[in-house]
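Colleague: Spelled out from the first residue to the last, the chains are:
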Amino acid sequence: MQVSFTLDEIAAIAKPRKTAGATTESIRGIASLESAVPGDISFLGNPRYRSSVASTRASVVLLPPDYAGKPGPDQVHMTVDNPSIALARLCSRIEQSLWPRPKPGIHASAMVAADTSVAASATVGPLCIVESGAAVGERAHLQAQVFVGRGARVGEDSWLMPGAIVSAECALGSRVRLHPGVVIGSDGFGYEFVSGRHEKVPQVGGVLIGDDVEIGANSTVDRARFGQTVVGEGTKIDNLVQVGHNVVIGKHCLICALTGISGSTTLCDYVVLGGQAGLAGHLTLGKGAKVGAQSGISKDIPPGVSVRGTPSLPYMVAQRIFVLRNRLPELFRRVEMLEKHLGVESEKKPGN
Amino acid sequence: MQVSFTLDEIAAIAKPRKTAGATTESIRGIASLESAVPGDISFLGNPRYRSSVASTRASVVLLPPDYAGKPGPDQVHMTVDNPSIALARLCSRIEQSLWPRPKPGIHASAMVAADTSVAASATVGPLCIVESGAAVGERAHLQAQVFVGRGARVGEDSWLMPGAIVSAECALGSRVRLHPGVVIGSDGFGYEFVSGRHEKVPQVGGVLIGDDVEIGANSTVDRARFGQTVVGEGTKIDNLVQVGHNVVIGKHCLICALTGISGSTTLCDYVVLGGQAGLAGHLTLGKGAKVGAQSGISKDIPPGVSVRGTPSLPYMVAQRIFVLRNRLPELFRRVEMLEKHLGVESEKKPGN
Amino acid sequence: MQVSFTLDEIAAIAKPRKTAGATTESIRGIASLESAVPGDISFLGNPRYRSSVASTRASVVLLPPDYAGKPGPDQVHMTVDNPSIALARLCSRIEQSLWPRPKPGIHASAMVAADTSVAASATVGPLCIVESGAAVGERAHLQAQVFVGRGARVGEDSWLMPGAIVSAECALGSRVRLHPGVVIGSDGFGYEFVSGRHEKVPQVGGVLIGDDVEIGANSTVDRARFGQTVVGEGTKIDNLVQVGHNVVIGKHCLICALTGISGSTTLCDYVVLGGQAGLAGHLTLGKGAKVGAQSGISKDIPPGVSVRGTPSLPYMVAQRIFVLRNRLPELFRRVEMLEKHLGVESEKKPGN
Numbered sequence: 001m002q003v004s005f006t007l008d009e010i011a012a013i014a015k016p017r018k019t020a021g022a023t024t025e026s027i028r029g030i031a032s033l034e035s036a037v038p039g040d041i042s043f044l045g046n047p048r049y050r051s052s053v054a055s056t057r058a059s060v061v062l063l064p065p066d067y068a069g070k071p072g073p074d075q076v077h078m079t080v081d082n083p084s085i086a087l088a089r090l091c092s093r094i095e096q097s098l099w100p101r102p103k104p105g106i107h108a109s110a111m112v113a114a115d116t117s118v119a120a121s122a123t124v125g126p127l128c129i130v131e132s133g134a135a136v137g138e139r140a141h142l143q144a145q146v147f148v149g150r151g152a153r154v155g156e157d158s159w160l161m162p163g164a165i166v167s168a169e170c171a172l173g174s175r176v177r178l179h180p181g182v183v184i185g186s187d188g189f190g191y192e193f194v195s196g197r198h199e200k201v202p203q204v205g206g207v208l209i210g211d212d213v214e215i216g217a218n219s220t221v222d223r224a225r226f227g228q229t230v231v232g233e234g235t236k237i238d239n240l241v242q243v244g245h246n247v248v249i250g251k252h253c254l255i256c257a258l259t260g261i262s263g264s265t266t267l268c269d270y271v272v273l274g275g276q277a278g279l280a281g282h283l284t285l286g287k288g289a290k291v292g293a294q295s296g297i298s299k300d301i302p303p304g305v306s307v308r309g310t311p312s313l314p315y316m317v318a319q320r321i322f323v324l325r326n327r328l329p330e331l332f333r334r335v336e337m338l339e340k341h342l343g344v345e346s347e348k349k350p351g352n
Numbered sequence: 001m002q003v004s005f006t007l008d009e010i011a012a013i014a015k016p017r018k019t020a021g022a023t024t025e026s027i028r029g030i031a032s033l034e035s036a037v038p039g040d041i042s043f044l045g046n047p048r049y050r051s052s053v054a055s056t057r058a059s060v061v062l063l064p065p066d067y068a069g070k071p072g073p074d075q076v077h078m079t080v081d082n083p084s085i086a087l088a089r090l091c092s093r094i095e096q097s098l099w100p101r102p103k104p105g106i107h108a109s110a111m112v113a114a115d116t117s118v119a120a121s122a123t124v125g126p127l128c129i130v131e132s133g134a135a136v137g138e139r140a141h142l143q144a145q146v147f148v149g150r151g152a153r154v155g156e157d158s159w160l161m162p163g164a165i166v167s168a169e170c171a172l173g174s175r176v177r178l179h180p181g182v183v184i185g186s187d188g189f190g191y192e193f194v195s196g197r198h199e200k201v202p203q204v205g206g207v208l209i210g211d212d213v214e215i216g217a218n219s220t221v222d223r224a225r226f227g228q229t230v231v232g233e234g235t236k237i238d239n240l241v242q243v244g245h246n247v248v249i250g251k252h253c254l255i256c257a258l259t260g261i262s263g264s265t266t267l268c269d270y271v272v273l274g275g276q277a278g279l280a281g282h283l284t285l286g287k288g289a290k291v292g293a294q295s296g297i298s299k300d301i302p303p304g305v306s307v308r309g310t311p312s313l314p315y316m317v318a319q320r321i322f323v324l325r326n327r328l329p330e331l332f333r334r335v336e337m338l339e340k341h342l343g344v345e346s347e348k349k350p351g352n
Numbered sequence: 001m002q003v004s005f006t007l008d009e010i011a012a013i014a015k016p017r018k019t020a021g022a023t024t025e026s027i028r029g030i031a032s033l034e035s036a037v038p039g040d041i042s043f044l045g046n047p048r049y050r051s052s053v054a055s056t057r058a059s060v061v062l063l064p065p066d067y068a069g070k071p072g073p074d075q076v077h078m079t080v081d082n083p084s085i086a087l088a089r090l091c092s093r094i095e096q097s098l099w100p101r102p103k104p105g106i107h108a109s110a111m112v113a114a115d116t117s118v119a120a121s122a123t124v125g126p127l128c129i130v131e132s133g134a135a136v137g138e139r140a141h142l143q144a145q146v147f148v149g150r151g152a153r154v155g156e157d158s159w160l161m162p163g164a165i166v167s168a169e170c171a172l173g174s175r176v177r178l179h180p181g182v183v184i185g186s187d188g189f190g191y192e193f194v195s196g197r198h199e200k201v202p203q204v205g206g207v208l209i210g211d212d213v214e215i216g217a218n219s220t221v222d223r224a225r226f227g228q229t230v231v232g233e234g235t236k237i238d239n240l241v242q243v244g245h246n247v248v249i250g251k252h253c254l255i256c257a258l259t260g261i262s263g264s265t266t267l268c269d270y271v272v273l274g275g276q277a278g279l280a281g282h283l284t285l286g287k288g289a290k291v292g293a294q295s296g297i298s299k300d301i302p303p304g305v306s307v308r309g310t311p312s313l314p315y316m317v318a319q320r321i322f323v324l325r326n327r328l329p330e331l332f333r334r335v336e337m338l339e340k341h342l343g344v345e346s347e348k349k350p351g352n
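Those protein sequences? They're chains B, W and Z, same order as listed.
Following this note's numbering, the numbering of the first sequence begins with 1 at its first residue and continues without gaps.
Following this note's numbering, the numbering of the second sequence begins with 1 at its first residue and continues without gaps.
Following this note's numbering, the numbering of the third sequence begins with 1 at its first residue and continues without gaps.
Do not rely on the hints blindly, as some may be mistaken.
Unchecked claim - Capping the alpha-carbon separation at 27 Å, the derived lysine-lysine pairs in DSSO-like fashion look like this: (1) B:K15 with Z:K200; (2) W:K340 with B:K340; (3) Z:K299 with B:K290; (4) Z:K340 with W:K340; (5) W:K290 with B:K299; (6) B:K290 with Z:K200; (7) Z:K200 with B:K103.
Calculated directly from the structure, the hints in this document are not laboratory data.
All values reported here derive from a predicted model rather than from experimental measurement.
Go ahead and model the full structure; you've got the sequences and the hints to work with.
Modeller: Here's what the structure looks like:
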């Protein structure tokens, strides 16, 4: 994307305590200290990269108060309270130019049923569909090729990106972001085995997505069998995550990519799930529980407990077991030596 | 969604043997015994919730013949042969109002090529595409933004939800349900390594989806290299599942979310795959084989056998190994004690 | 699909050294030796199927020079230098009829902004969207319902299948294939925890997809926090793969289905990742490194090294550990026997 900042603009956003050096470059990019070239702004956000500041080719470097070095030729050092936050503010400015607020209104190619409630300040982009009885709140943005089904609700300032799908009767809160390809309200996976066939259990519940939830590309959230599947306020879900029917996710959870949560499981607030984690159904994960990547969870987890592995164990125990697992060749040899020492006959299997 | 039942309507559907109590509420929701509020109907489907019946606030409770308690004030007990089935019948009624049968016909915004065969009773919704030579059967429903490629076939009473994609020359049987974002007929993942590059192996086969198959949101089924990738009658596939090229899945299988099946593997009838299972290519899983969640399968599985783990083991063996794995710290200590007892020098690594 | 070859056409493509036998069938299908029926062409690509040649019902069989048998009645044997390559050439011919080159031009239903650069030889299919400032190269094919965002670039001869999404400012090289439902340029998963909430870190970088890259159905590639997420030339990615922000993938890598690569990890050239592999963030996998299916990687991998397991180990070590893990019941018995022999009291837990 096009980045273009003058030094004055950067200073107005980053509010430096002090500035040293000078540059003739205008700022056209952002980069890490190592990969920056002239025309870039960079920052020291993590002390371990401190030694990279002296050699960076960035034209502007945001530095913490305790950094003592001098800028190179054609380079500006700006000392700020928190370089990461200063950079994030610059990025927010860029984000606004990357994603300018769209003009309100309904695109001529969008299909909006007559009996919907679409706020005048909302944007319904090209080739979007809003079915009968649906509601779209103030300043909500249906970007393009979005589907909002019968009776569904999209809260104010929410942003549904291309190809996002909100099925009938599902509800999104305010400031929700659905990335491209997200599916809200597909049927839960429920069948009864009758006479040699899997008969479908009707899935007639809904989905409730709380305020400030963000859901990554191509993730899926199933509607409840009855009642509601719930994703709590402020929870962030990565790409390609599966949330089963009647799952209840608390507030401010983090769920990494390719994780699967089986039906009727409950996550309390502030739960963190690593990538590719798998949770069985009907479990409860207590407040602040943490699940390591690729772990398989088949039991409740108490509040604040971190687990890892399949089947999972408390984090420190799992670490210990992993180490000992790797020492199995040694342990077999030690036992064999004891057997030899005692003249005890081993039951070793042939070939080992 | 809007639920509204009178007691008479419920009785007509649930066919109670006997009814006790009375309520002034009309029924506006369905809920579990614990979460029900006045106006809800609930049910005792699982004996372990028996104790919750006395305290439930549901206005109507469906109960099995062996339940002996009395209804509370403003509450009705209906005794039925099977509360779960009675509830499912009520839910089917709700399902019909949630998903009313669409009017037949082709939406003005749909793009249907001239040389297609679309049944007069079929519905082709807004912004759908049906390419040249494709066929859409009686009462089939292409909901919205669906793509049906050249020469593809959609069987009668099938339902393709928003954003579902059926690529050229692929065929769906009758009563197939594709949830939003499903992709049928993407290319198989096949390359030959030639002169330092991966040269594409053409994927010119198709996909055959049998009758009564249901495929969950954003799942993908690759077309065959040649011949057909097959999903057998009555098989149910959850969300975000990958089915590789030339895979043959039998009848009435269940495949849970985030599972991957590599190319040319065969599942016989009634196979069950847990969530996030992974199958290597060119394997055969016998009739009724069961694979635990997150298991990795690299060998054939005989009929009726259950396996678990990566690499997988027979279920009971895997359970035993998991238990012993967790006892490794104990085993190391026991061996160390034996070594001390005998004065044998251990080869323990430093730091352990 | 419709296959129709005369013997002369096959000979023109396969260029046999010699031909034996005769058939009255025209060739209407391709099949393996075992599943072929009259009217099919088949081939001996792998020596282990040599014994199937004598019994195959295929009307034409492509055979290597060292095969000595005679054709059956109504059957032709064609001896070619390399049966696999000869078959691939036939399949390429079929592929052209399965996917005929579309006519250049912009479909009447496509939405192409005025200030785009779409080559006259490119095809923009029905219901596609090309936003302001985007560029679509010579002979590129946006098949249907494709989204190309503001300022994005699609290189020449690239093919974007139905429902593929290329977000703003992302760039595809030449001959890139995106299968249905692919999302390029969703936001990276980045938050800072501030006052009990996850505050979004703006993701203002882009995605660069190199020449000859192919990405499978419903896979997702996140845009960089700043800078670029990169997929190198010739790399092939399977279905349902997640590529995190600022990941850099080298040239000619293979990434199998359902794999997840966390942010800022680097894959050098020729890396191979098995299905459902999971990589932590900020790692480097050296040139030619190989990761087994379902493995979990949390450390750098040197060039050329193969690893397996979670946490992963060098391939041969992992194989050894897997074998010993399965012998844990034996080891526990052996230690118990030693304890009994010595009269040492065990610390066995009750019930084991």
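Colleague: Run the distance test for K299 (chain Z) versus K290 (chain B): straight-line Cα separation, threshold 27 Å.
Modeller: Holds, because 21 Å separates the two Cα atoms, which is no more than 27 Å.
Colleague: Within a Cα-Cα threshold of 27 Å, do K340 (chain W) and K340 (chain B) meet the stated pairing?
Modeller: Holds, because 16 Å separates the two Cα atoms, which is no more than 27 Å.
Colleague: Regarding the pair K290 (chain B) and K200 (chain Z), is the alpha-carbon distance no greater than 27 Å?
Modeller: 20 Å, holds
Colleague: Would the pair K290 (chain W) and K299 (chain B) pass a check requiring their Cα atoms to be no farther apart than 27 Å?
Modeller: Given that 27 Å is the threshold and the Cα spacing comes to 21 Å, the pair holds.
Colleague: What's the verdict on K15 (chain B) and K200 (chain Z), does the C-alpha distance respect the 27 Å limit or exceed it?
Modeller: The given pair, whose Cα atoms are some 21 Å apart, holds under the 27 Å limit.
Colleague: Does K340 (chain Z) pair with K340 (chain W) here, judged by a C-alpha cut-off of 27 Å?
Modeller: 16 Å, holds
Colleague: When you check the alpha-carbon spacing of K200 (chain Z) and K103 (chain B), does it fall within 27 Å?
Modeller: OK: K200 (chain Z) and K103 (chain B) at ~24 Å, within 27 Å.
Hint violations for this structure: none, all hints satisfied.
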